[in-house]
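*Asks:* The chain contents come next:
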Amino acid sequence: MQLLLQRIFDGVSDGAVYASIAVALVLIFKATTLINFAQGEMAMFGAFFAYIFAVQSGILDFLGNQYLIIWVAAIIAMVLSAGVGITIERTLTRPFDPEDHLPVVLITLGLFLGINAIAGIIWNYQARVMPAMFPNGSDDKVVIFGARLFYDTIGTIVTLGVVLYILFIILNKTKMGLAFRAVSANVESARLVGVRTGRVLSFGWALASAFGALGAVIVAPRITLQPSMMAAIVIYAFAAAAVGGLDSVGGAAIGGMIVGLTKSLGNGYLGSWHFGLEHPPLEFLPATPLLIPVLILLAVLWFKPSGLFGTKRIERV
Amino acid sequence: MRRMKKNFAALAVVAMVAAACGGDDASDTSSASEAASEEADAPAEEAAEEPAEDTGGAASEEETADALAEASEEDAEAAAELPTTLEGWQELWASERAAVVAAAEAEGWGLGDDGILVGPAGFTIDTNECPEGWNNDEGLDDGVITIGVTTANSGSLAVYGNIYAGLGAYFDMVNDQGGIGGYTFEVIVKDDEYVATKTIEAWSEFFQSTKPLVGHTLGSPNTFSVQPEFNNQCVPQVMVATGHQAWGDPVNHPWTTGYQLSYASEALLWGAWIEANTEPGVVVAGLVMDNDFGLAYEQAFKDFAENSDHIAKFEIVRHDPASATLTNEVTTLAATNPDVFISMTAGNPCVLAIQEAGRSGIIENAQAVFTPSVCKSIAAYMDPAGEDADGWYIVGGGIKDTTDAGYADDLWISYANEKLDEYGGDSSISLQGEGFANRGIVWEQVLRIAADLEGGINRTNIMLAQRGLLNFTHPALLDGIKMNLNGNEDAYFVEGSDISKYDLANRTWVQQGGTIDLSGLSPNCAWVPGEGC
Numbered sequence: 001m002q003l004l005l006q007r008i009f010d011g012v013s014d015g016a017v018y019a020s021i022a023v024a025l026v027l028i029f030k031a032t033t034l035i036n037f038a039q040g041e042m043a044m045f046g047a048f049f050a051y052i053f054a055v056q057s058g059i060l061d062f063l064g065n066q067y068l069i070i071w072v073a074a075i076i077a078m079v080l081s082a083g084v085g086i087t088i089e090r091t092l093t094r095p096f097d098p099e100d101h102l103p104v105v106l107i108t109l110g111l112f113l114g115i116n117a118i119a120g121i122i123w124n125y126q127a128r129v130m131p132a133m134f135p136n137g138s139d140d141k142v143v144i145f146g147a148r149l150f151y152d153t154i155g156t157i158v159t160l161g162v163v164l165y166i167l168f169i170i171l172n173k174t175k176m177g178l179a180f181r182a183v184s185a186n187v188e189s190a191r192l193v194g195v196r197t198g199r200v201l202s203f204g205w206a207l208a209s210a211f212g213a214l215g216a217v218i219v220a221p222r223i224t225l226q227p228s229m230m231a232a233i234v235i236y237a238f239a240a241a242a243v244g245g246l247d248s249v250g251g252a253a254i255g256g257m258i259v260g261l262t263k264s265l266g267n268g269y270l271g272s273w274h275f276g277l278e279h280p281p282l283e284f285l286p287a288t289p290l291l292i293p294v295l296i297l298l299a300v301l302w303f304k305p306s307g308l309f310g311t312k313r314i315e316r317v
Numbered sequence: 318m319r320r321m322k323k324n325f326a327a328l329a330v331v332a333m334v335a336a337a338c339g340g341d342d343a344s345d346t347s348s349a350s351e352a353a354s355e356e357a358d359a360p361a362e363e364a365a366e367e368p369a370e371d372t373g374g375a376a377s378e379e380e381t382a383d384a385l386a387e388a389s390e391e392d393a394e395a396a397a398e399l400p401t402t403l404e405g406w407q408e409l410w411a412s413e414r415a416a417v418v419a420a421a422e423a424e425g426w427g428l429g430d431d432g433i434l435v436g437p438a439g440f441t442i443d444t445n446e447c448p449e450g451w452n453n454d455e456g457l458d459d460g461v462i463t464i465g466v467t468t469a470n471s472g473s474l475a476v477y478g479n480i481y482a483g484l485g486a487y488f489d490m491v492n493d494q495g496g497i498g499g500y501t502f503e504v505i506v507k508d509d510e511y512v513a514t515k516t517i518e519a520w521s522e523f524f525q526s527t528k529p530l531v532g533h534t535l536g537s538p539n540t541f542s543v544q545p546e547f548n549n550q551c552v553p554q555v556m557v558a559t560g561h562q563a564w565g566d567p568v569n570h571p572w573t574t575g576y577q578l579s580y581a582s583e584a585l586l587w588g589a590w591i592e593a594n595t596e597p598g599v600v601v602a603g604l605v606m607d608n609d610f611g612l613a614y615e616q617a618f619k620d621f622a623e624n625s626d627h628i629a630k631f632e633i634v635r636h637d638p639a640s641a642t643l644t645n646e647v648t649t650l651a652a653t654n655p656d657v658f659i660s661m662t663a664g665n666p667c668v669l670a671i672q673e674a675g676r677s678g679i680i681e682n683a684q685a686v687f688t689p690s691v692c693k694s695i696a697a698y699m700d701p702a703g704e705d706a707d708g709w710y711i712v713g714g715g716i717k718d719t720t721d722a723g724y725a726d727d728l729w730i731s732y733a734n735e736k737l738d739e740y741g742g743d744s745s746i747s748l749q750g751e752g753f754a755n756r757g758i759v760w761e762q763v764l765r766i767a768a769d770l771e772g773g774i775n776r777t778n779i780m781l782a783q784r785g786l787l788n789f790t791h792p793a794l795l796d797g798i799k800m801n802l803n804g805n806e807d808a809y810f811v812e813g814s815d816i817s818k819y820d821l822a823n824r825t826w827v828q829q830g831g832t833i834d835l836s837g838l839s840p841n842c843a844w845v846p847g848e849g850c
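As they're listed, the protein sequences go chains L and R.
Each step along the first sequence adds one to the number in our numbering, with nothing skipped, and position 133 is 133.
Quick note: to get our numbering, add 317 to the position in the second sequence (first position is 1).
It is worth saying that the hints were derived from the structure and are not from the lab.
Ideal placement from N, C-alpha and C gives every residue a C-beta, glycine not left out.
There could be a bad hint or two in this list.
Claimed, not checked - Calculated cross-link-like contacts (lysine to any residue; reagent style SDA-like; alpha-carbon spacing at most 25 angstroms):
#, chain 1, residue 1, chain 2, residue 2
1, R, 630, L, 270
2, R, 515, L, 113
3, R, 507, L, 117
4, R, 515, L, 121
5, R, 507, L, 119
6, R, 818, R, 452
7, R, 507, L, 192
8, R, 507, R, 452
9, L, 312, L, 192
10, L, 141, R, 684
11, L, 141, R, 386
What the hints assert, rightly or not - Across the chosen pairs, the derived CB separations fall in these ranges:
#, chain 1, residue 1, chain 2, residue 2, range
12, R, 451, L, 95, 27 to 33 angstroms
13, L, 109, R, 499, 52 to 58 angstroms
14, L, 114, R, 460, 33 to 39 angstroms
15, R, 788, L, 62, 51 to 57 angstroms
16, L, 2, R, 527, 36 to 42 angstroms
17, L, 2, R, 704, 40 to 46 angstroms
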């Protein structure tokens, strides 16, 4: 029971991380119907913005209030990342025909490699200590039936919930949100009715970049701050976004949790499940942690290609 | 839109299946690990009845235990008399080089007219078997010697690329000082992302176009992937950056040399320490990186555990080298209530293993926790691990980490850090210090010996200089640990180690007892995938 609960907590903890990046992927997809392969690297860059402000500037040493400073740093990083997102949209993707996806996908792949290399040149690949937004020491936990639930996991989930609520308000209760949804539904029609699609696309990139950066700032203390920090996480985030539905913000969050939980429970139990045999036939699972999310992704896409919470599209002939 | 989703889904699935299937290992690794796993569950009593076998790549268990016991009774401060000035060191190294050259002249070592390289202790290479057109002087064009290197410069183990930033800075310094034997040096680095297939691609390009005089590889799976080609092409694969025991095979792979303490020796020292310092019946948990590197540790320690009636159980969980987190894996190990936890991983997972061991309660409950020698760097691994890093043990391979506060006043370390910064490096980055202070000096010594041998610097003389480097006093190794190879008799440069404990408050590894000396005790290892030495 204790181990089961611990694995659930582990899964939720990892799932919250995947969800935070998956939400950013979905925002870009909603705006452009494209996958931004550079989302993880852009988020990593955002985390370095926060690091520069909080640590390299010396403010943390000077003032000493870690949580206040890192939260302020996270907000600054979100703003700067939003600016980077707008710049990328204006300079690299807007010149291309929005209906022709291939060039823009290639650009995001190029950005993935380029941003990682630039970050490596600037900050080196040696891991750095990122101040945490929530208490994250070994003692910062609650113990429930012997299982450890850490404050930073709770904090990440609460932050994710707040982010989802803010996004809900922005997308559903504001004029820009309405325009965003119109562009998301049909760029050409939105343009014909007077929506300034360029601004809306910039807004989408800004929003995704900002919340992606927030996700990276939150996870950096757990996985160490270095240019390759998001490489593995973004794969799970892709899976989470696809499972939840590529155009569903809430679905991405739930998809993240599903991926995190199945990875934790699957690796933990299937890898040691003997099936009556002398040795576990699936004991390789912990070494191939991507296998279970891949199988779930396959199953979801097979039976519900739009994802669990994605919109089923019907096109007129 | 729907088509787009399907296309993405297909792309994502293909990418993730490819990632899940890995690809870092030498081809037969999985079978090796599976076979090893089957053996792991054998009851300890049955295993204890089997006689202990000496395997290659490490001293015997008895020799290891004796050396550890002897070192435990010594004072860590006890040291041989060593030079106290840089000039004194230079004189010492010059005399050690001269001794090798004199031995070569006296014993007739070198490349004969018959095309056979003869070295110490039965070491030979028949260059007549090299490919047609092979040139002993290839890569010596225009007075510039090219050294080809493959390493991870991106990806999850990109931090290791720093070693070659440090080594490059070292050669810049050597070049500034006039070079060696009339040559200057250029280190050309290709990024293989720690992916063996990319290492093969990179070396294919090197062999066909750049044609460096010598090559160097980082990582066990990567080195395995190109070792046959190096030996077929008769190109020196020099002092590879991996401690796999397989590199001690001068008979079958004469062109390949290792460098650091072998993982097998390290694993035996873990075992010997555990037997000497814990109560009988301990459960040991191993977090193993799932590639040739981690499996080398796993197999060596498993062999030890099976022959030990002190260790009741050895629990293993392997992790993907590219894992973003190790939470699930460490939770599984924590559930076994280990008395001793050993991290058998590398790169950023070094940090994650320490942190997760703290969060899972392993540190709190275990009698001892070990991090591997490849995770010794303080700035790279111990600093980022935070408070959980305190109190970890290490079989440290005798290396002085250049960011260890305990060596701030060490003559060589302080000089190396100063010069590293002067030549464009960054002494706050541990692994740049490793490349400069630890590896650079040995490269220089080998090249200077080769330059002084008859024929000067060429491929065979570089091999001879290494195989005959009988007694090099390394300034970045702990006192009492010499670097030496001796032809076919001694194929491991470093066979000594410290056992140290991390002191977080002072940012230093505190040596526990004296230096462990296993010099010359490790038999060669003709590695067979799936079987071992």
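*Asks:* A separate judgement is required for each hint: does it hold in the structure or not?
*Replies:* Status of each hint after checking the structure:
For the proposed pair residue 630(R) and residue 270(L), the alpha carbon gap of about 21 angstroms is at most 25 angstroms, so the pair holds. At roughly 16 angstroms between alpha-carbon atoms, residue 515(R) and residue 113(L) fall within 25 angstroms of each other, so this suggested pair holds. For the given pair, residue 507(R) sits about 14 angstroms from residue 117(L) by alpha-carbon distance, which is consistent with the 25 angstroms threshold. As the CA atoms of residue 515(R) and residue 121(L) are separated by approximately 21 angstroms, the hinted pair is consistent with the 25 angstroms bound.
For the proposed pair residue 507(R) and residue 119(L), the alpha carbon gap of about 18 angstroms is at most 25 angstroms, so the pair holds. For a cut-off of 25 angstroms, the pair hint linking residue 818(R) to residue 452(R) is broken: about 49 angstroms separates their Cα positions. For the hint linking residue 507(R) to residue 192(L), the alpha-carbon distance of about 51 angstroms lies beyond 25 angstroms, and the restraint is violated. Simply put, residue 507(R) and residue 452(R) have alpha-carbon atoms about 23 angstroms apart, close enough for the 25 angstroms limit, and the pair holds.
A hinted pair counts as satisfied when its Cα atoms are at most 25 angstroms apart, and residue 312(L) with residue 192(L) qualifies at roughly 24 angstroms. This hinted pair checks out: residue 141(L) and residue 684(R) have alpha carbons roughly 23 angstroms apart, not beyond 25 angstroms. Between residue 141(L) and residue 386(R) the alpha-carbon distance is near 41 angstroms, which puts this suggested pair outside the 25 angstroms criterion. Under the hint 27 to 33 angstroms, the C-beta atoms of residue 451(R) and residue 95(L), about 53 angstroms apart, miss the expected range.
For residue 109(L) and residue 499(R), the hinted distance range of 52 to 58 angstroms is not satisfied, since their beta carbons lie about 47 angstroms from each other. In this structure the supplied range 33 to 39 angstroms holds for residue 114(L) paired with residue 460(R), their Cβ-Cβ distance being about 36 angstroms. Between residue 788(R) and residue 62(L) the C-beta distance comes to about 52 angstroms, which sits within the given range of 51 to 57 angstroms. Our hint of 36 to 42 angstroms for residue 2(L) and residue 527(R) is violated, since their Cβ atoms are close to 57 angstroms apart.
For the hinted restraint 40 to 46 angstroms between residue 2(L) and residue 704(R), the CB-CB distance of approximately 25 angstroms leaves it violated.
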